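**Q** Given next are the chains, with one letter for each unit.
2 protein chains.
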Amino acid sequence: MTQTPTIEDLRAEVDLINRELLTLISRRAEVVEKIGRAKTAEGRPQHYDPAREERQLRELEQLNPGPFPAATIKAIFKEIFRASLALEESNDKKALLV
Amino acid sequence: MTQTPTIEDLRAEVDLINRELLTLISRRAEVVEKIGRAKTAEGRPQHYDPAREERQLRELEQLNPGPFPAATIKAIFKEIFRASLALEESNDKKALLV
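Read top to bottom, the protein sequences are chains A and P.
The first sequence: position 75 = 86 (this note's numbering), numbered continuously.
The second sequence: position 44 = 55 (this note's numbering), numbered continuously.
A hint or two may mislead.
Treat identical chains as interchangeable: a pair holds within one or across any two.
[To be verified] With a Cα cut of at most 30 Å, we get these calculated DSS-like pairs of lysine-lysine: (1) Lys104 / Lys89; (2) Lys104 / Lys45; (3) Lys85 / Lys104; (4) Lys105 / Lys50; (5) Lys45 / Lys105; (6) Lys104 / Lys50; (7) Lys89 / Lys45; (8) Lys45 / Lys85.
If you are wondering where the hints come from, they were derived from the structure by calculation, not from laboratory data.
None of the values given here were measured: they were computed from a predicted structure.
Let the hints inform the model, and build the full structure from the sequences given.
**A** Next comes the structure, spelled out in structure tokens:
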């Protein structure tokens, strides 16, 4: 494309990235579910692991290419961590009800 | 792999997905910056566009394959929207200072 992209072109690019993000976020949730089930099977009912979260955040902070500042990357991933923990705990509850 | 993956294997998979998410989130932020600059150049200083956010959320809700519930996908993307808006507004301020 030799022309400057229009706002509509750029929004279409954002929509495409949104869909890729959704796919990745969902794949991550599936892996987290497997980890949750493995922990539960090993008799480790505590899913919250602040040290593991801290390691992930530190790595992401180091790799962050910008333009988002580190604090923003942290906030987004903390939202993902919170959601993942809720999913693991909800799966435990469902397993208890079966 | 024929063996069941260990928790460590699964965590390595999460770390890999984290890095892909970081790349995509950063690429999305770059496109949003271009949109912000294009809007500012057109004399549209208002970056917040709730109708556009609503359309994105609706599409993501429709495409959501799970396991995260729709409300979780919404919360994660709202965090990304909030960060994007802050980035556009911070770029405007920087442009004013130049």
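**Q** Against this structure, judge whether each hint is valid.
**A** Here's how the hints hold up against the structure:
1. Lys104 / Lys89: The answer is both: 23 Å in one copy and 27 Å across copies each meet 30 Å.
2. Lys104 / Lys45: within (15 Å within a copy, 45 Å between copies)
3. Lys85 / Lys104: both (28 Å within a copy, 23 Å between copies)
4. Lys105 / Lys50: Within one copy only: 15 Å inside, 48 Å across.
5. Lys45 / Lys105: within (15 Å within a copy, 45 Å between copies)
6. Lys104 / Lys50: Result: close within a single copy only, 14 Å intra versus 48 Å inter.
7. Lys89 / Lys45: both (20 Å within a copy, 26 Å between copies)
8. Lys45 / Lys85: both (24 Å within a copy, 23 Å between copies)
Of the numbered hints listed earlier, not one is contradicted by the structure.
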